[in-house]
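Undergrad: Same order as they appear, the protein sequences are chains G and B. If you count the first sequence from 1, you need to add 89 to reach our numbering. If you count the second sequence from 1, you need to add 89 to reach our numbering.
Calculated directly from the structure, the hints in this document are not laboratory data. Where a beta carbon is used, it is the ideal one built from N, C-alpha and C, also for glycine. A few of these clues could be false.
As the list claims (entries may be wrong) - Some, not all, of what chain B presents toward chain G, calculated at C-beta under 10 Å:
no. : residue
1   : Ile131
2   : Asn132
3   : Tyr150
4   : Leu154
5   : Arg156
6   : Lys158
Stated by the list, open to error - Some residues of chain B that are not near chain G, with every Cβ distance over 12 Å (derived):
no. : residue
7   : Ile117
8   : Glu141
9   : Asp253
What the hints assert, rightly or not - Computed far set for chain G versus chain B, every beta-carbon distance over 10 Å:
no. : residue
10  : Ile110
11  : Asp130
12  : Lys140
13  : Tyr144
14  : Asn152
15  : Lys158
16  : Gly159
17  : Pro169
18  : Leu185
19  : Asp227
20  : Asp237
21  : Phe243
22  : Ser256
Protein chains: 2
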Amino acid sequence: MEAEIKSIPFYLLIDLVNGSISKYTKKIEVRLSDMKPYFYDINALNEKIEKEGNYVIYEYYENSLDRIKGLNFGITIIHPGSIGKEYHFTRGHFHLNKEADEIYIGIKGKGLVLLDNGKGEFYSYLLERGTIIYIPGDFAHRTINIGDEDLVYFYIYPSDAGHDYESIQRRGFKKLVLKINNKFTLVDNPRY
Amino acid sequence: MEAEIKSIPFYLLIDLVNGSISKYTKKIEVRLSDMKPYFYDINALNEKIEKEGNYVIYEYYENSLDRIKGLNFGITIIHPGSIGKEYHFTRGHFHLNKEADEIYIGIKGKGLVLLDNGKGEFYSYLLERGTIIYIPGDFAHRTINIGDEDLVYFYIYPSDAGHDYESIQRRGFKKLVLKINNKFTLVDNPRY
C-alpha cells in the first residue's frame, strides 16, 4: 500500500538559543544499553550501567512526515560525559540512499562530527553554535560531545535517505575520539 | 554531459543573530526593475525607480552544489519598504519538481509567507525569529517583509527542485498583502 502523502504546510517554533522545538512527530532516547555495539570499551559501559543506571546518552526530536520524498528534520541533544576514554557520541550511520545529503546547524555546546566514506576518506569538523556542516550522502556521520554541556544541533535530510547502522556496528569509524588530559584526541580505531 | 558530482563535505558559519553566512556559491540581488511583472501597482513601481533609483528589494546568498541531488541552502534578506500599497516581497515561485519540499527558518525581522497550490488551497504564516515553516513542493511560496527592518531567513530545498516563476508572473498569488493604516491586510488579488 502506498503511503498517504500529506501536502499541508505547517509551522513550528525553534528556540535559536537552546534548540528546543515546539512540536515533533517522534522523540527517540538512546541509552547506555543501546550503545553496546558502538563504544570501544564495553567493560566501562557495563560498569556505568551498574553504577549510574541506564541513562540517556542522547535524544532527538524529529519531524518525519508521511511523504515519500520530502525533508525530515529535528534537533539532537547529546548530553556530556564519557564511557571509558570515549566521549558520548551518536551511533552514527550511513544513508542507504547515497544521494541523500544532510545538513547540520550547531545551536549550542561543543562537538565534533566524524565523516567516513568507508573507502579511505575521513574528515572531522568542529560543530559549535553557528557551524553549518554539509554531509554528502555517501559519508557515514557521527557526532561527539567534546564539551562539558549539552551539545544541541539542528539536522535536516531527505525523507528517503534510509539508515544503515550495521556497518558502523561492525567496525565503527576510522578514528576514535578520546578524552586525554581533558582534551579531545583522535586515534586510530583498532577495530577498523 | 553529466554534471560532476562533488562528494566532499564542507562547513561554513552562520551568525544565528543576523543570519550572515561566511561563504556562498552565488549572491543574487533582485532590484525594482526585476520586479515589474510581480507588483500590482506598476505605476508606483516605475515612479519609485525614477525617484529613488533602481534599488535592491531583496538579495539571497546561496550554496548550490554541483550535485544532481543534494540540498541547496542559503539566506534571503528582504529590505523593508513598499511599492504602492504592497510591502516588499520575493517574486515567489512553484517548484518544477512537485515532490521537492522546502523549509524556512526565520532569523530576524517580521514577515509573512504565502503558500498557494494554484488549486484553491492558500495559507499564510507569520515568519519571525525561530519560526520553522514546512512548504510542500506543490505550493508556490512568496515571502513578504511586513516589518520595519530587514527580514532574514534561512532556506533549504532539494537541488533538483527547479523553479517556475512564469505562473506567478501571469496571475500572482491568491492574496495581495497591503499596508493599510500601518498594518498588513490580506485582500483578494483581482488578477487571480
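Undergrad: Now tell me, hint by hint, if it's right for this structure.
TA: Hint by hint, here is what the structure shows:
Interface hint at B/Ile131: violated, since its Cβ lies 30 Å from the closest Cβ of chain G, which is beyond the 10 Å cut-off. Because the closest C-beta pair between B/Asn132 and chain G is about 33 Å apart, greater than 10 Å, the hint is violated. Taking 10 Å as the C-beta contact cut-off toward chain G, the hint placing B/Tyr150 at the interface is violated, the least distance being around 12 Å. Hint status for B/Leu154: holds, given a least beta-carbon distance of 8 Å to chain G, under 10 Å.
Given the 10 Å rule on beta carbons, the hint for B/Arg156 holds: about 7 Å separates it from the nearest Cβ of chain G. Annotation: interface hint on B/Lys158 holds; nearest CB of chain G at approximately 4 Å, less than 10 Å. With 12 Å as the threshold on Cβ separation, the claim that B/Ile117 sits away from chain G holds: the shortest Cβ distance comes to roughly 19 Å. For B/Glu141, the requirement that its beta carbon stay farther than 12 Å from each beta carbon of chain G is met, with the minimum near 34 Å.
With a closest Cβ-Cβ approach of about 17 Å to chain G, B/Asp253 is found to remain outside the 12 Å limit, as its non-interface label requires. Not every C-beta of chain B lies more than 10 Å from that of G/Ile110, the closest at about 7 Å, which undercuts listing it as non-interface. Remark: the non-interface label on G/Asp130 is consistent with the geometry, its nearest Cβ contact in chain B lying 28 Å away (cut-off 10 Å). Residue-level check passed: G/Lys140 sits 37 Å from the nearest beta carbon of chain B, beyond 10 Å.
At the 10 Å boundary, the C-beta of G/Tyr144 stays outside the reach of chain B, the nearest C-beta of that chain being 29 Å off. At the 10 Å boundary, the C-beta of G/Asn152 falls inside the reach of chain B, the nearest C-beta of that chain being 7 Å off. Taking the minimum C-beta to C-beta distance to chain B, about 4 Å, the non-interface status of G/Lys158 is violated against the 10 Å cut. Taking the minimum C-beta to C-beta distance to chain B, about 5 Å, the non-interface status of G/Gly159 is violated against the 10 Å cut.
Every CB of chain B is more than 10 Å from the CB of G/Pro169 (nearest about 21 Å), matching its label as outside the interface. Distance check for G/Leu185 against chain B: the nearest CB is about 14 Å away, which clears 10 Å, and the non-interface claim stands. G/Asp227, annotated as away from the interface, has a beta carbon of chain B within 10 Å; the closest lies near 6 Å. Chain B leaves G/Asp237 outside its interface by the beta-carbon criterion, the shortest separation being 21 Å against a cut-off of 10 Å.
Against chain B, the non-interface label of G/Phe243 is violated: not every CB pair exceeds 10 Å, the least being about 8 Å. Look at G/Ser256: its CB is around 17 Å from the nearest CB on chain B, clear of 10 Å, so calling it non-interface holds up.
Of the hints listed earlier, those the structure fails to meet are numbers 1, 2, 3, 10, 14, 15, 16, 19 and 21, in rising order.
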